[in-house]
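Asker: Given the sequences, and given the hints that come with them, work out the whole structure.
These protein sequence lines map, in sequence, to chains E and V.
By the numbering used here, the letter at position 63 of the first sequence is numbered 63, and the numbering carries on one by one without gaps.
By the numbering used here, the letter at position 169 of the second sequence is numbered 169, and the numbering carries on one by one without gaps.
Take the hints with a grain of salt, since some may be wrong.
To be clear about the criterion: a stretch of chain V counts as covered by chain E if any three or more of its residues have a C-beta under 8 Å from a C-beta of chain E, and this derived list gives those stretches [as the list claims (entries may be wrong)]:
#	stretch
1	18-26
2	134-142
3	163-177
4	188-199
Just so you know, the hints here were simulated from the structure itself, not pulled from any lab data.
Note that beta-carbon positions come from the ideal geometry of N, C-alpha and C, so glycine has one too.
Okay, here's what each chain looks like letter by letter:
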Amino acid sequence: MTFLMQCARWLTDPAHWQGPDGIPIRLAQHVQLSAEAVALGALIALPIGILLGHFGRFGNLAINISNVGRAIPSFAILVIAFQAFGLGDTPIILALTALAIPPMVTNSYVALREVDADIKEAARGMGYRELAQLVRVELPLAVPLIMAGIRTSAVQVVATATLAAIVAGGGLGRYIVDGFATQIYTKVFAGALLVALLALATELSLAALQRALTPRGLRSLNAPASRRATSFKTA
Amino acid sequence: MPSDPWINWDWLGTHIPLVLAALQQHVLLTGIAVSAGLVIALPLGIVAHRWPVMRNPVLTVTGILYTIPSLALFAFLVPYTGLSFLTAEIGLTSYTLLILARNVVVGLESVPPDILDAADGMGYRPFARLIYVELPLALPAIMAGIRVATVTTIGLITITALIGIGGLGQLINKGLIESFHTPLVVATVLCIALALVADLTLAGVQRLVVPWSRGVRA
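Answerer: Written as structure tokens, this is what we have:
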């Protein structure tokens, strides 16, 4: 029996679809860790990026935070969080949140900066006040790039959450780490397949959401869905 | 563990050779991955620019590779290439391809059509025009891509510690296994410092080679 056949058999074995180490539970843990980190990161990063972009301040900071974020090894951040705060989901979520912030700040900053100055002036001329202009004119136009930032972060957080298993966390990374430890390579391979599929599904579903949230008037214009202000890969 | 300080200078003093060996491996892994990535991505980018039909396939395939989490990619390779240097380099090189190929395409696209007309008028054949006119003008974007790819690779290498390679990641792993902070902190600081030095060095090279390129980002 070839190796790939064995992996397919591992994946279809009913025993691997139930219990606390079953695929549904591991998948749910992975999605939960990632979703909490991205949501927490968005709560911090989006207001910062949007305000900096709206007022046009600290542009270097907003852009360079992604360059700095790229240089920080995610593996180290996870281990440091684990050693500083101990076992459990909280240290893992804190580490993942830190990694989620930079691309969202940069993308939302660029998104607001790119809103046409003429449009802002027209809004002002029509009597929009600062806040109304931001919420009703600038934000809708900035949605595509803001969403691109969320998508970039989410894909990276899903990837990095795989490493949570190294610091005794849950998620799909468990199969890879446990498989390596016990030298059961079918388990390693099957786990890797699940992780890769989850990352691709995250990318595709958020790209679809981005398209759905883009105002109709912007859709046919220049912007392809894949456009983002910064590429970011930490795990 | 409560009495374990974040940095134990005595340990560091007696383990400098270990740290330097890890740093050396880290630099070597980065150099090979980015060079190999460039050797593959440059022709890919040129093809994608020259034949527009190829543009989407090139960017989609390298984009899918880029999306795959690194631990998963290494796990896919281990049954075939083992817990080896080669496995680490195949994975790391794969991740440079999207950044480099896209920047090659962007760079070539940014060459003004007037310049291409002038080159044609001066009698350049397509290949000579590419080498002597288009690629030099695309260099700022390509250099920007090399910088991003290098910094990304330096961060990702730490994860190869899980397949027995790792560079500075070995020290992170050691800190984790022994519940000992010093190697962890030393490796993290050195990793960030290495990324910074590499980025600034490449920025310096960029200024020397293409002085007109200030401010081009990836």
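Asker: Determine for every hint whether it applies to the structure shown.
Answerer: A quick look at each hint next to the structure:
no. : hint    : result
1   : 18-26   : violated (count 0)
2   : 134-142 : violated (count 0)
3   : 163-177 : holds (count 6)
4   : 188-199 : holds (count 6)
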